[in-house]
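Turn these sequences into a full structure, and let the hints steer you where they fit.
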Amino acid sequence: MRQENRITLFMALAGLVAMLAACAHGPRMPAMDGVVVELRRSDKGLSRGDFSYDSTLQLYWFGSGCHLIQLGDARVLTDPFVTNELKLIALRSNPERVEATLGMIPVPDAVLVSHSHHDHILDAHAAMSQDPWRAGRVPLYGGMSCKNLLAGWKDAEVNTRCHAVPKQGGVLLERTTPKGYTIRITAYRTKHSPHCKCGFTLANGMIRSPRQSIPNDILDFQAGEVYNYLVELSRGRVSFNVMCLGNPYDLVEVPDSMPRVGTRIDVAIMLAPTADNVRGYPEEHLARLKPRHVVLSHFNTFVREDPDEQLAILGIDFVKMPQLTRDMQATFARTEREYSEFEKMHIPAITVFEENGGARNVIRIP
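Numbering of the sequence shown is given in this note's numbering, commencing with residue 34 and proceeding in unit increments.
Just so you know, these hints were derived from the structure itself, not from any lab. Heads up, some of the hints might be wrong.
What the hints assert, rightly or not - Below, simulated DSSO-like cross-link-like pairs (lysine-lysine); rule was C-alpha separation at most 27 Å, straight line:
(1) Lys224 <-> Lys77
(2) Lys224 <-> Lys353
(3) Lys230 <-> Lys212
(4) Lys353 <-> Lys120
(5) Lys187 <-> Lys200
(6) Lys187 <-> Lys77
(7) Lys377 <-> Lys323
(8) Lys230 <-> Lys77
(9) Lys377 <-> Lys353
(10) Lys323 <-> Lys353
(11) Lys77 <-> Lys377
(12) Lys120 <-> Lys187
(13) Lys120 <-> Lys230
(14) Lys224 <-> Lys120
Said to hold, decoys possible - Using C-beta positions, here's what the derived DEER-type ranges look like:
(15) Gly295 <-> Val70: 26 to 36 Å
(16) Asp66 <-> Lys230: 40 to 50 Å
(17) Met239 <-> Leu72: 41 to 51 Å
(18) Val285 <-> Arg359: 15 to 25 Å
(19) Val70 <-> Lys230: 22 to 32 Å
(20) Gly295 <-> Ser246: 25 to 35 Å
(21) Glu374 <-> Val285: 16 to 26 Å
(22) Met65 <-> Arg325: 16 to 26 Å
Don't be surprised by glycine CBs; every beta carbon is placed ideally from N, CA and C.
Here is the structure:
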C-alpha cells in the first residue's frame, strides 16, 4: 500500500474513532426526562417595607460557603470568606472586599463556621470587628479549632463573642428577638468531604491551643471540628428550616450528621465540589432531607470573579457541576412519589450590591 493511502486510511480511522467517542461521551442534554430546567432573571433583595419582606426567605451568596440566610429582620451568616483569592501563603483578608460585601448587609444575629479551612474563616475577624457588629454583640459559633484559630488576631472583645460548639453538636442558639422573630440553630457533627477519591483531605488536623499570631499560610488553617447546621427562622405562622450541608459525608459512617428523618427542610444548601468523593452523595442525602429547594454552593474556584469562568482551573472542571446537577435531577425525577416535596434547584450567581445599596442575585423563596 502506498504511503499516501496509508495516511489517508489512518486519518479516516482516526476520524471514525473520534466520532464514535463523541457519540458515546459527548455533551448531554441539560435536562432529563421528568425535569424542566427553568431560566429566569435573578431576584433583587427585599428591604424593610417591601411587600412580603416578613414572609419571604432570602438567600445571599458571596462565594465559597458564605451565605446570608434572612427572614425579615432575622439573619444568620455562614462561613465568612469573601476575599476569594487562590493563594498558599501570605493569606490575608481583603478589607475592601469585606466592606463591599459583608459591610453592606444588616448586622446578623449569628455567624456560623462549618470548619476552619481558610476559605471558610479567613474574613471572620474582619467581619466580626466591624463597628456595627461589635455594637450588636454578634456571636460566632464554630469548633474549638475555630475559636483557637481566631485567637491569633489578639482581639479580646471579638474572642468573647466566639463560642466553641459542643463536641457532638446540639442546639446552639434559641431566642426570640425584640421584633418577634424566633431563631433556632442546631449543629450536627460530621467530617470533611475528601478532596480525592482515595479519601485524602487537605489540612485535616486540629488546632488544640489558642494561636499566638495571625495565621499566615494554608496549613495554618487546619479543618478542625466539622459541623453542618440547621437554621430555623420564624415569625408568627411563617417559618423556614434551612439545612446548611457544607460538609456531606458517608451517612453510613456518620448517620447523625443531619437531622432525623421526617424533619421538615425547606432549603438544603449543598456542597458542589468533591461530590463524587462521598459515597451516596447527593442521592442518599437528598432522600434523607427531602428539601423543597436545593441551593448549590461552593462551586467558585477563587481564580476569577467572572461567573462564566468559575467552574474550571486551567480548563479542568474540578467541580463537575453538569454531572452533579444531572445526578440531582435523577433523584427528583425517579422518586416522585417518595419525594413529592421537591420544588426547585437553584444555581446561584454571586450576590453583588448596586450603588443604591440594593442587592441583586438573591434567591427569594416564598
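For each hint, the structure was consulted:
1. Taking the CA atoms of lysine 224 and lysine 77, the gap is about 35 Å. The hint is violated against a cut of 27 Å.
2. Under the criterion of a C-alpha separation no larger than 27 Å, the hint pairing lysine 224 with lysine 353 is consistent with the structure, at around 21 Å.
3. Between lysine 230 and lysine 212, the direct Cα distance comes to roughly 48 Å. Violation of the 27 Å bound is thereby established for this hinted pair.
4. Between lysine 353 and lysine 120 the CA atoms are separated by roughly 22 Å; this keeps the pair inside 27 Å, and the hint holds.
5. Among the hinted pairs, lysine 187 with lysine 200 is consistent with the structure: their alpha-carbon atoms are about 24 Å apart, no more than 27 Å.
6. Between the alpha carbons of lysine 187 and lysine 77 the distance comes to roughly 38 Å, so the proposed pair goes past 27 Å and is violated.
7. At roughly 12 Å between alpha-carbon atoms, lysine 377 and lysine 323 fall within 27 Å of each other, so this suggested pair holds.
8. Proposed proximity of lysine 230 and lysine 77 is contradicted: the alpha carbons are some 39 Å apart, above 27 Å.
9. As the CA atoms of lysine 377 and lysine 353 are separated by approximately 20 Å, the hinted pair is consistent with the 27 Å bound.
10. Pair hint lysine 323 plus lysine 353 holds up; C-alpha atoms about 23 Å apart against a cutoff of 27 Å.
11. Pair hint lysine 77 plus lysine 377 holds up; C-alpha atoms about 18 Å apart against a cutoff of 27 Å.
12. A distance of roughly 24 Å separates the Cα atoms of lysine 120 and lysine 187; the hinted pair therefore holds under the 27 Å criterion.
13. Distance check on the hinted pair: lysine 120 and lysine 230 sit about 24 Å apart at the alpha-carbon level, within 27 Å; holds.
14. At most 27 Å may separate the alpha-carbon atoms for a hinted pair to count; lysine 224 and lysine 120 meet this at roughly 24 Å.
15. A beta carbon spacing of about 30 Å between glycine 295 and valine 70 agrees with the range 26 to 36 Å that was offered as a hint.
16. Here the CB-CB span from aspartate 66 to lysine 230 is close to 29 Å, at odds with the stated 40 to 50 Å.
17. A C-beta distance of roughly 44 Å is found between methionine 239 and leucine 72, which places it inside the suggested range of 41 to 51 Å.
18. In this structure the supplied range 15 to 25 Å holds for valine 285 paired with arginine 359, their Cβ-Cβ distance being about 24 Å.
19. For the pair valine 70 and lysine 230, the supplied restraint of 22 to 32 Å holds, since their beta-carbon distance comes to about 28 Å.
20. Taking 25 to 35 Å as the suggested C-beta distance range, the pair glycine 295 and serine 246 does not conform, at roughly 47 Å.
21. Checking the proposed 16 to 26 Å range against glutamate 374 and valine 285 shows it holds: the Cβ atoms sit about 24 Å from each other.
22. At roughly 20 Å, the beta-carbon separation of methionine 65 and arginine 325 lies within the given 16 to 26 Å, and the hint holds.
When each numbered hint is compared with the structure, violations occur for hints 1, 3, 6, 8, 16 and 20.
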